[in-house]
Structure formats: C-alpha cells, structure tokens
Amino acid sequence: MLEYLTVGLLLQLVINGILFGAMYGLAAIGLSLIFGTMRIVFLAQGAVIVLMAYLCYWLFTLFHIDPYVSTPLLGIIALLLGAGLYQVLFRRAVRMEDKNISLLIAVGLMFLLENFMAVAWTPDPRSISTSYTSSSISIGTLDISFTRLLGFAMAMLATGAVTLFLKRTFVGKAVRAASEDIEAARLVGVNPHWVNTMAFAIGIGLSGIAGIAVSTTYPFDPYFGFVFSLKAMIALALGGLGSVSGALLGGIILGLLESLAAFFISGGWADAIGYAVFLLVLLFRPEGLFVRSIKKA
Amino acid sequence: MRNARSLGIALVIILALVFVPFVSDSEKSYLIFFLFLTFCHIVLTQGWNLAAGYTGQISLGNHAFFALGAYTTAMIWRADLFRTGHYYFDPVTMALSGVVPAVFALAIGIPLLGKLRGDYFALGTLGFGEIVKVAFIKGGNFTGGPIGIMLPSSVYTTLKPHYWTALFLAVLATAVVYFMSRSRVGLALVAIREDETAAASSGISVLKYKVLAFAIGAFLIGVCGSVYAYYLFQVSPDGFLILKWTLYPILMCVIGGSGTVIGPIVGALVMTGVFTAANIYLPSIHPIFSGIIIILVMLFMPNGIVRLRERGAQGQ
Numbered sequence: 001m002l003e004y005l006t007v008g009l010l011l012q013l014v015i016n017g018i019l020f021g022a023m024y025g026l027a028a029i030g031l032s033l034i035f036g037t038m039r040i041v042f043l044a045q046g047a048v049i050v051l052m053a054y055l056c057y058w059l060f061t062l063f064h065i066d067p068y069v070s071t072p073l074l075g076i077i078a079l080l081l082g083a084g085l086y087q088v089l090f091r092r093a094v095r096m097e098d099k100n101i102s103l104l105i106a107v108g109l110m111f112l113l114e115n116f117m118a119v120a121w122t123p124d125p126r127s128i129s130t131s132y133t134s135s136s137i138s139i140g141t142l143d144i145s146f147t148r149l150l151g152f153a154m155a156m157l158a159t160g161a162v163t164l165f166l167k168r169t170f171v172g173k174a175v176r177a178a179s180e181d182i183e184a185a186r187l188v189g190v191n192p193h194w195v196n197t198m199a200f201a202i203g204i205g206l207s208g209i210a211g212i213a214v215s216t217t218y219p220f221d222p223y224f225g226f227v228f229s230l231k232a233m234i235a236l237a238l239g240g241l242g243s244v245s246g247a248l249l250g251g252i253i254l255g256l257l258e259s260l261a262a263f264f265i266s267g268g269w270a271d272a273i274g275y276a277v278f279l280l281v282l283l284f285r286p287e288g289l290f291v292r293s294i295k296k297a
Numbered sequence: 001m002r003n004a005r006s007l008g009i010a011l012v013i014i015l016a017l018v019f020v021p022f023v024s025d026s027e028k029s030y031l032i033f034f035l036f037l038t039f040c041h042i043v044l045t046q047g048w049n050l051a052a053g054y055t056g057q058i059s060l061g062n063h064a065f066f067a068l069g070a071y072t073t074a075m076i077w078r079a080d081l082f083r084t085g086h087y088y089f090d091p092v093t094m095a096l097s098g099v100v101p102a103v104f105a106l107a108i109g110i111p112l113l114g115k116l117r118g119d120y121f122a123l124g125t126l127g128f129g130e131i132v133k134v135a136f137i138k139g140g141n142f143t144g145g146p147i148g149i150m151l152p153s154s155v156y157t158t159l160k161p162h163y164w165t166a167l168f169l170a171v172l173a174t175a176v177v178y179f180m181s182r183s184r185v186g187l188a189l190v191a192i193r194e195d196e197t198a199a200a201s202s203g204i205s206v207l208k209y210k211v212l213a214f215a216i217g218a219f220l221i222g223v224c225g226s227v228y229a230y231y232l233f234q235v236s237p238d239g240f241l242i243l244k245w246t247l248y249p250i251l252m253c254v255i256g257g258s259g260t261v262i263g264p265i266v267g268a269l270v271m272t273g274v275f276t277a278a279n280i281y282l283p284s285i286h287p288i289f290s291g292i293i294i295i296l297v298m299l300f301m302p303n304g305i306v307r308l309r310e311r312g313a314q315g316q
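Line by line, the protein sequences are chains A and B.
As numbered in our numbering, residues 1 to 297 make up the first sequence, in order.
As numbered in our numbering, residues 1 to 316 make up the second sequence, in order.
If you're looking for bench data, these hints aren't it; they were derived computationally from the structure.
Coverage of chain B stretches by chain A, computed from C-beta distances (three or more under 8 Å per stretch; other residues unrestricted):
id	segment
1	127-133
2	246-260
3	291-302
Taking lysine-lysine pairs in the DSS-like style, the calculated list, with each CA pair at most 30 Å apart, reads:
id	chain 1	residue 1	chain 2	residue 2
4	A	K99	B	K244
5	A	K99	B	K115
6	B	K208	A	K99
7	B	K244	B	K160
Here a beta-carbon is modelled for each residue, glycine too, at the ideal position from N, C-alpha and C.
Next comes chain A alone, as it looks inside the complex (with noise of 0.2 Å):
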C-alpha cells in the first residue's frame, strides 16, 4: 500500500479526515454542554442527528428545499426538540443521585428513535444529492469536496458562535457555572433548570446543523447515529470536558486519526484504533489532551 503513497494523497487523507473530524467535534459540543451541566451521557445525541439528517432529507425530496435553505428552520426544530426533551423527559431524572437512569433514559429515546425511523423510512441508506453535492474544489492535485467544505465551515460557525455565546451572555456565564459548580452557580441565584434546558437546547440544535451536513455529504441510515454517539463521545474525552473548542478539536484529531488508519492500516480496524485510543487517554489524560492538567481531588 505504501507504493501509492505521495505528499498529495497524504495530504488528501488529512483534509479529508480534518472535515469528517468536524462532525464528530459538532456532536461533541453538544455532548459536552449536556454532559457538563447535568452529568447525562448522552447516548441518543447520535439517533437525533441522523432523525435531523431524515427531517432535512424530507424538506428536500418533497418540498425541493435545498438543504442549506433549511438550515435556519432545523436549528429551530432542534432547539426547540431539545428544550422539550429536556423538560419531559430529563427534569425529573437530573435531580436524581443514581445516573443510570438519565444514562437509560437516553437509551430508550436512542431505541425510540433508531427504530421509529426505520419503521418511517425503511431501514435502507439515505443520501441527498443535488446538483453541487458531487462537485468538489481542485487546488493542484487535491480535491475538496464541496459539501462536506461547508460542512466544515458550518462546524466552525457554530462552534464560535457557541464559544460566544457561553463567553458574552449572561445565560451563557450561568451555564458555564453550574458546569463548574451546580451548588457555587445555585447560592449566587443561577436556576439550575433554566440552565439545563439552555444546555439541552443547545446541545440538539449542534445535532441539526450536524444532521444538515451530514445528510449531504454522506449516505445515513437509521441505525447510523449509534457509532456517531460513540464517536462523538471519544473526541469528547479526546478534548476534555468542558471545553467547546477542546470538543471540536478532539473530533478533528479523531477524524484525523481514522482517515490515516484506515489507509495504513484498513478499514475496519480504524474503528478499533479510535476505541484504543479513547481508552489509552481516559486512564492516563481523563482531564483530555489540552487541558493543561487541573487536577482535581
């Protein structure tokens, strides 16, 4: 294999592994919100991705919307799927000492989904493709592909918007508190709900702008989004919780890391190599790769 190997296909594989890393940074950052303020893994975030790739698929096939039309209306949907996921289902389960049951919550919403999914819209692959999705930008022997170049910048807009958000606004402050500290956040008057549903709120409306890009950049099927959540959960560890920025660049490195294995090594291994990975950090950098190391008792 190593014959083929040139400066040009090399750098294609790094390019190629930066952009698909953005994804799974995009459902981190939404992993870490949820994870760092209510201490919920959770699991479903992939299953609602793909739904939201499913619902931009949908607009697209019937109603001709094209995908970054209905960019702004999925953002809505989402934040809106995720302030009402959180209050009907995750209110209760928050305040809970035991964390397996908001772990088993998602679980069975991940169940839900998956499954409602492929009863709605048959278990077979799903793509869009309209007339840009297979054009790509040539800069000398590489090539870019268009879509999944937006896909990138989409990631990195939302995740700066993120950053600003959590950073400028009051309502972000108070999120980024109670993630340090739920009892500090609540003595000085933070309302640990109003923060929680901003959290989730936030954390889902990551997974439409997600399920946007990947809906047209690769082909998706209901069950898709469980390795997606796994994913996500690596670079999650990759980048340190707590970290908007941490998340996506964890994602990259996890992008990164796949699209190399799978030339070097093969496919199907670089799956494992992510798990290693993930493993080799969590026992000896739980804290993540860029935080420069907080120690907690």
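Based on the hints, put chain B in the right spot on chain A.
Same frame as chain A, but now just chain B:
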C-alpha cells in the same frame, strides 16, 4: 424466621421449575423457550447487578463477556481441544467459557477500575466492547470474521438441557449475589458504592473488591454465553456482540430494582414477558415499544419494582 421462609419458598419454586419440562412439551410449547430466555436474562442481569447494583460501577461492555464466553465454547469445539469430540454441554468447556471472560475482566478491570470512576468507567467499558467487536469481525479464520463460527447443530435433540442448565445458572447467579450481599464482601461492596473515600479510609481495598465483583459477573455472563451458543449453533458478531446483551440486562436490573437480590429476577421475568408479547403482537414496531417502556419506567418508577413496596411502607 423470615429468611428461612423465603428460602423455603425459593426452594419450592426452583423444584417446580425443574419439573416443568416433564409436564410441558419442550418442543411444542412456547413456555420452555420463554423460561429458558428468562433464566438467561436473570444470569446476565445478576452479573451486571453485582458490579453495578452493589458496587456502583456501571459497565456498558458486558456483551463482550457474553460473546467471549460463546466464542470460547465455539473455538474449543471447533479445534477439538480436548480430543474427546464431545463438547455439547461439556462442563469443562462451559467452565472455561466463564474463565476466559473473567480473565479479560481482570485485565481491563484493574487498570479501568483503578483509574476511572463513574461515567468514565461506563465509557471505558463501552470502548472495550467496541474493540472486542472489531477484533472479532476482523479476526479472519481464527474468529470466523463477520459470519462467525458454525457449530454442528446435528447434536441438538431437545431444548431440555438448555432449560436445566440455564435454570441452574440463574439459581447459581442469584445465590452468588445473595451470599455476597450478606457477607463481609457484600458489605464492602455496598460501602464502596455509598462512599468510596469513606470505604477506603475504613481499610477496604476498594480496587480489589470492585475488580472481584466485576470478574465474578463476567464469569457468570460468559457461562451464559456458552449456553446460548449451544442454543444458536452459530457464534457470530451479529448474534452476540450486540449492545442488546448489555442494555437489556441493565434495563431489567433497573426496572426490577438494582442492588437487590430479587430485583433482577422480577425485572428479567417482567421484561422478557413484555418483549415476547411485543414481539408476537406488534412485530414491526416492537423495538419502538420497548424504547417507550424503558423511558416510562425510568420516569415513573426509577427505583425499580421491588422497591415500590418499600416506598409504600415508608409512606405510611
């Protein structure tokens, strides 16, 4: 007095269950299969209960132990390891099928449990499960790849041996949980769950007990995987290395009441019933229905069925 009576009732129920295959036709009646499946679920649920319910270490990788047990049986049989040619319900093969996952549990339990707590341990075991899955799919001739290993199904005559073995395992698993919960070990486990730092400062070797609970659970689950391999005769990633074998037991344990001896049995019985009924009456939407049940149970009785009575008693 109360204990002696409970034990008596348990013995009567077990004896009654032993005689069911003589009354009910094991090849025509659905009852035998249903009970067999319930017993398997009880074993898996108790296995998870030991580490999670008592010690508070939530594992999401138990399907890997189930598969490791099944694959151990299949590989020993295929390789004719003992040169006896007789591996169908061979006790040594089945015991080894428990030992292999237990060794794996020790190997990953010591580093993971030593370093990770709570959610991180859950994520770590999830990662372990996925690594095992990929390894078996990509294992070539050694593991049979995505198709897995076919066993000679010609030895199958009736479901009765499966039924009795699974019943025995379910009783064994419950007995292990019962005796551990009433011994020093059990007290240590509960102490760890309630407050790890306090347990450590009282002189409990936290890691030792956590790993012990995890490995015993893995042993029970592995033997159950072996029995299930004798039932399916095809040991494949699609049949064994699926998250269902971790999630269903967790669901059953939590629904019944985790950290109790009876809870997993109640949960396994109720949920096997629900799944079976849903499978028969709502075949196409059965998993959706299961998802809804999980959510509803978690929302409205998060402490499990067996604790409903406790809560009622407290209320008075």
